[in-house]
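**Student:** Residue numbers (this note's numbering), protein chains in the order written: chain A, 251 to 363; chain B, 8 to 122.
Treat each hint with caution, since some may be false.
A short list of chain B residues far from chain A (calculated; beta carbon distances all over 10 Å) [claimed, not checked]:
1) 9
2) 17
3) 18
4) 23
5) 26
6) 31
7) 49
8) 71
9) 79
10) 80
11) 90
12) 91
So these bits of chain A aren't anywhere near chain B, every CB distance computed over 12 Å [unchecked claim]:
13) 264
14) 306
15) 335
16) 362
Calculated lysine to aspartate or glutamate pairs in the DMTMM-like style (CA-CA distance at most 25 Å, straight line) [as the list claims (entries may be wrong)]:
17) A:311 x B:8
18) B:64 x B:51
19) A:319 x B:110
20) A:299 x B:51
21) A:299 x B:63
Calculated from the structure, these hints are not laboratory results. Every residue, glycine too, gets a C-beta built ideally from N, C-alpha and C.
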Amino acid sequence: AQSVSQHNHHVILSEAASLELGCNYSYGGTVNLFWYVQYPGQHLQLLLKYFSGDPLVKGIKGFEAEFIKSKFSFNLRKPSVQWSDTAEYFCAVIQVSGYALNFGKGTSLLVTP
Amino acid sequence: EPEVTQTPSHQVTQMGQEVILRCVPISNHLYFYWYRQILGQKVEFLVSFYNNEISEKSEIFDDQFSVERPDGSNFTLKIRSTKLEDSAMYFCAGSIRGGSSYEQYFGPGTRLTVT
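Given these sequences and hints, build the entire structure.
**Tutor:** As structure tokens, then:
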């Protein structure tokens, strides 16, 4: 069955700490991968995406993610978080031939001053 | 920057009633989607829509659900006879083109509460 797993449901970090959020997927066939973020009171917005090529992709606000095909993983990283990064983070996968984003359950990140 | 808008932000309805959730996508988007998120669960795909036809739908999108683009700007999701388990946040999204390579832009959501 197709699935997307995010292992960390709640993460609390101090400002300037490094962040890594895990995402693993189980899918047959070729997929495209996304990380979306939802800031408090706002809508889902795209952080970054991977389609092909360099497995290390950079997104907005200093975020990056690494696609490791052999591990079916697409982990999100940021070297130094800020208070404004407090949000819910969603990993999503879509089959290359499809229209439907399949989301993970999300990780709630709280950054404390 | 153009945004997807959804109305109402919160809808309360009684079980068995019909509800229509409305969305105004970004004007140059051609593909439209509905997703939902039940409290504490993940965001789930319901349906995608292009050129007045459903292009893909999930198992959740049964005969109780329908979508429509009644005019050039609105995109609606109708639930004919709501059930308690339909209580969720419903998100509308749009993209310039269909397929996996195009970013889907999401609205703020409508919280549906069925009592």
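**Student:** If any of the earlier hints don't hold here, list their numbers in rising order.
**Tutor:** Of the numbered hints given earlier, the structure breaks just one, which is hint 7.
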